[in-house]
Each structure stands twice: as structure tokens, then as C-alpha cells.
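Peer 1: Here are the chains, one letter per residue:
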Amino acid sequence: MEHIYLDHAATTPVHPKVVEAMRPIFEEVYGNPSSIHYHGREARKIIDDARSDIARMIGANAKDIVFTSGGTEADNMAIMGTAFAQKEKGRHIITTKVEHHAVLNTCKFLEKQGFDVTYLDVDQTGRLAVEDVKAALRKDTILVTVMTANNEVGTLQPIEEIGALLEGTGIVFHTDAVQAFGTMAMDVDALKVDLLSMTAHKINGPKGIGFLYVREAVPLLPYQHGGEQERKRRGGTHNVPGIVGLQHALVLAVQGREEKVEQYHRLRQVLIDALTDANVQFSINGSTEHTLASLINVHFPGVNVESLLTALDLNGVSVSSGSACTAGSVEPSHVLTALYGAESEQAKSSIRISFGLYNTEDQVLKAAEIIAKTVQRMGIA
Amino acid sequence: MKSKAETRVIVGMSGGVDSSVTALLLKEQGYDVVGIFMKNWDDTDENGVCTATEDYEDVARVAGQLGIPYYAVNFEKQYWDKVFSYFLDEYKAGRTPNPDVMCNKEIKFKAFLDHALALGADYVATGHYARVDRVNGQVKMLRGVDRGKDQTYFLNQLTKEQLSHVMFPLGGLQKSEVRDIARKHQLATANKKDSTGICFIGERNFKEFLSHYLPAQSGDILTIDGEYKGRHEGLMYYTNGQRQGLGIGGPGGPWFVCGKDLKENILYVAPDNHPVLFSDGLSAEKTNWINGAPTEEAFKCTAKFRYRQPDQPVTVYIEENGRLTVMFDEPQKAITPGQAVVFYDGEVCLGGATIATIYQKIYHEKLDFVAAK
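Sequence order for the protein chains is A and B.
All the letters of the first sequence, read from the start, carry residue numbers 1 to 381 under UniProt numbering.
All the letters of the second sequence, read from the start, carry residue numbers 1 to 373 under UniProt numbering.
One or more hints might be untrue.
Claimed, not checked - Subject to a maximum C-alpha distance of 30 Å in a straight line, what follows is the list of computed DSBU-like cross-link-like pairs (lysine-lysine):
| # | chain 1 | residue 1 | chain 2 | residue 2 |
| --- | --- | --- | --- | --- |
| 1 | A | K373 | B | K27 |
| 2 | B | K110 | A | K373 |
| 3 | B | K4 | A | K373 |
Quick caveat, the hints were computed from the structure, so don't treat them as lab data.
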């Protein structure tokens, strides 16, 4: 049985060109970039080049890039690093209810450390109102953290507008751009952000590597202590092959962006048309106007999502819903709960379908057929 | 008929050795095996970790070893509504419920079976020690061959319709053989300790657990002759025949629980082997006959009144509305209202019912026993 992968918002296959670029780093350029000998210098050059390349792609300076183990670490570093650096100035943080758990649970941790966090509501499309950010600002606000695009429903947030609102206030502005980077041009000055999180594995790069962009002069207290790597902002031997993988994945993402967006729009439409033609009852969660092309969150009224996901997997379609608890059972998504309410039909009966580089129209048609059959068998008879 | 490779068997995997070996045996026999873990109870420990996590991780490890897909399904709501509510109601009524019987009836062989059938299963399988006999289109439930582990007592409420979709691959094995198979295949759960006690209480203190849900009212402990022996902590904490944990001593002991007066909140005790600890018969309700009700109004068979008890010869009188009167050939000790009475004809489990009241030739006027209204 062919297993069709439509869960690229979770992770993606590594591009062959990325693998190719990484291979010699494992075998040949194995030095520690912090070493002062030949082998160290060789590795150091590799990461310096990667850093410059990456910085250029987001309109930043090379020294503003801090390599991390991925998006979660970048989010933790951004939020905790800012909070602990600025705690004398203030203890108020503003975020939204639909952030990734890397942000939400870091904020919750900080609440226990005596910080005060405002979790802003979003509207039914998942979008945050800039006026709500404005209204929530206080004298002691030190950080605003809002994701660029939502990983479950794809809704884009008004990052530039929030950036403009905060410009010159001294309040640090962080965005988690992990889900957005693959299909959206990113420029830290245009977005007016101070901190930006990114990871490689969502854009056909390897797992375990990402970065945090840190605007010059933005104070950040390191929280992973060790050697003097990353200008003392993040101790630990550099993941050199990972950094090279990240660099090449970013290059490929930027090069192929427009084509990819077009491809995903097409696949999205193929899916919608196929479900419509099959007379399946469904609606699309989130925003139709401000949304990522790469994913679509679909509500199938009356269908139990746990059964649906199991049945789809048994029939060779890999998709996902909110998140699974540690005991494997599917929990109602905090994002859909924020949009529609905990007891809403949407929170109980929705799945996320997300496209990737190698998905074809045929695959999406086949998947839509299986989804339609399964939903019709399981729906309210 | 479908080939084994086309026959989908969904195994209820708990993360224990029995259900692990169940999945292994079916896989070896060539079935299309899928593992599903049931999450029936919402519980987190002091670190905020869901207590089902470890078991689910064992399911994942074993399923990975066997190369079968695995999933989880959440029946917390159904379990609460159908099993836990019943459990509390029974305690409130002064009886001693059997949540395992109810869990099999309502969750494992109802909610889970329905879920599995919706996923295209031909059968569900569990690691119970029991056998399903399919001869000439007749489906019967037989005892597990390991007499020490036979679990038909807990399965007495199943119907033949349910059993027609059920496999118990361990029914023909000894527990020791199951462990050996697990070890031979180096299953991740081969040496895992068997779970004990009521699943949602686990290793915790039973009294403490129950006190979160039911108010306990302490009262007097009296002997059947009305002599004051001490205080009890709440009638629900005691079961007929219980000796430990009464906190009473003194002359005439040891003392055994022989009845409760719910209205007056009195716990009655009697000395060992006192006639009041024995009963001659019982009435039961909520009867299930696996292969249909017997045609005779009265018949002889054997019965168990508790798990692992040797069979006792009885005469069953069938009454209206699923009620039964069961008379014992020999007086029986510590029969407990709320528990199951399960009937057998040789190897065949005929079905069972819930014990409502007990009959005693003596003292029945003196003591207003729990379920005697």
C-alpha cells in the first residue's frame, strides 16, 4: 500500500541536495569550529559562510544569527532570554492563545517565575487584531511574541503592523516564523521584528537545527551555559553538518518559493474540488484571506477525529490533528478551541492536511477519495 | 471465507505482557493485526505526566517489534458514564461493585468493539484468559485452560453477538507459557509486572481514593448481638467477610464483617465461623445468558461468587425480569452483594448476574442486610 504523506507541517523529507551538501561535513570537515588548528579553522569557515548566507536571506547581519537545536529552542531562548534580561524593567509579556506550545509553555513557565502574561484572543479566522495588542500594552510590558503563521490552521498574523506599533517603544518583538518561512518572503526590517525563530526540518532540511535572529543591541540573557560559542549566547559544540543543512534548505526554500506557493494553491484546490465532487460535508477552518498556501484545516461535521485519523492511516493517508497526548490519544486542539470554543464541533472533528515539495495532484486526488469514503462511512448516518 | 492475511484483528493492547503476546501470536498466525491502546481514565501524576504514558510507550515498543500499526483511542467519557458512575452508585448503595465486569461489558466489548468494527476489523482480540468456541455456527465461551488465571468470571456479561467478533488467543495457554513466549521473542514487556487492583486506582490507597468522590460517615461497629466493638470509617470501605483493617480486637475475636445497616450506619461483625457469616442462597439481578436463557425454570450447575473461587454446586431458579434465585448445595462464606455470580456447565461459561441479596436461614430477621431493602 502506498502511504501518502500530507503532514508536511509536522516535518518534511530532507532534500537530496541538502543531504549532498551535508555528507562531506560528517566525513571530511569534522573539526570543532572552536578549535584553533587547521581542522577547526576549516569548520569555522563553513559555519561563518552559512551564517552570512542565512543572514542575507532574511535581511539581517551575520552576527545576529544564533544557531539553535531548532524552533523550540529558538522560542525558549527568545522568550526566556528577554524575560530574564529585562526583568528589572518590567515583567509583562503579551502573546496569543494560538501560539505553538514552544511559546505557550515557555510563557506558562515564566508565569510561575513571577512574570505576568497576557494571552490575547483571536477572531474566528484565527487572526489577531493589532488594536488588541495596543490595548494590552502596559508600562511594564517587555516582550510581545506573536507567530508569523499558525501551524494548525495557517492563519497569518499582522506582524508588520504589530512591528510598527512597537517600533521605538523599547518593547522587544518576537515572532515564531517556523511554519511561514517555506512559503513567505521574510525580511526582519520589513517585519520590524527584533527576534525571529526558524527551523530547518519544516523546509526540507535536517531535524535538530534552527536559529534565532537577534537584532543588534537587543538584550538577551543566555540560558544554555557552556563554552563561548555564538558570542556566549549559546554554549555547546556547533552542529556543523546541521548548520550546512539549514543553510542549503533555506537557499532552496527561497529559490523555489513562488513555484511552491503556486503548486500548493493548486493542490489545495484539487483537494477542495475532489471533496466537493464527492458530496462530502466539510468546511475550512481559519482564514481564507490571510492564510498559508501549504496547509488546510478541514472540519468534517459529526466525525470523531481519533477514529478518522486511525482509519485514514490504515488506508494509507498520513495527516494530523491538533496534538496527541503522551498516551497517544488525540486532544482537542488549543488553536481550534481558541477559534471556535472547547465544545465546538470544529475542535472535535477537524484534521490538518499539509502539502510538500513532492506531493502530486494524483496523490492529493487519491487521498481526497480515501478521505471522502472514510468520512462518509463514519459521519452521522 | 477471508484468508488470514485479509482478516483484520484489532488487539486491545494495554502495554502489559498478556496483550503483547496476544498481538504476537495473531501476527505469527498471519492475521492483519492492528494494536489499539484504550485511554479510559484521565490522570496525571505530581509531575503533570499522564499515568497512561508508560503503558502507551510499551504498546509502541511492542508494536514496533512486531511491525504492526498502533493507535490510541480515548474512552474517558464512556468509562466515566458507564463504569465509574456505576462504581460510585454501587458504593453509595452499600454494595461492593465489580468495575472489571462493567468495563468488559461497556468498554472493551462495546465501545472498543464498535470502534474496531468501524475501522474495518473482523475481530477484536484481548489478552484475557478465556476461550471462544466456534462450532457449527454456535459461539460459546469456555474457561481459560490456566485455571489459576481463568477470567471468564469477569467476562460473564458478554453476549454471543459480541463473542462472535472476539478472539482470546491466550485461552489455551498457561500464564507461564505466555511469559516464556514473551521472553523468547524478547518483547519489551516480557518482564513487566502484572497490573494489580482496580485499574483507575492502581497502587493508590483505596480509602483515600474513594474519599475524593464519596463522603464517608463514620459510625458504630456492633457484634450481631448488639455489643459495641468500635468505630468504622464509613460503611463503603468494608466488604462482607473482611477481617483486616477493622481496628478491633478483644475477646471473642478475630472479627469478620457480616453485614451493614445503611439506615443506621452500623457495621456488623461476627466471630470466625459464626453461622451468620454463611449463607444458603442468593438472589441476583441483571442476568446475562451467553447462549440464551435456559428453558428449564430450575436447573443444577456450578457457580463462582468471586474470582478464582473453586466452583460450587448450585440450583438456579429463573424468575421474571432477569432475576434469579440461586440456592447453594453447601453454605457459602462471605457472599457479597454487588459482585457477580457466574454459572458454568463443565468448561462452558453460561453467563452471570449481579448478586443482590443473600439468604440465611438464621438471623435474617435480626439483621437488615444491605440489599434486603
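Peer 1: Hints numbered earlier in the text: which of these fail when held up against the supplied structure?
Peer 2: none
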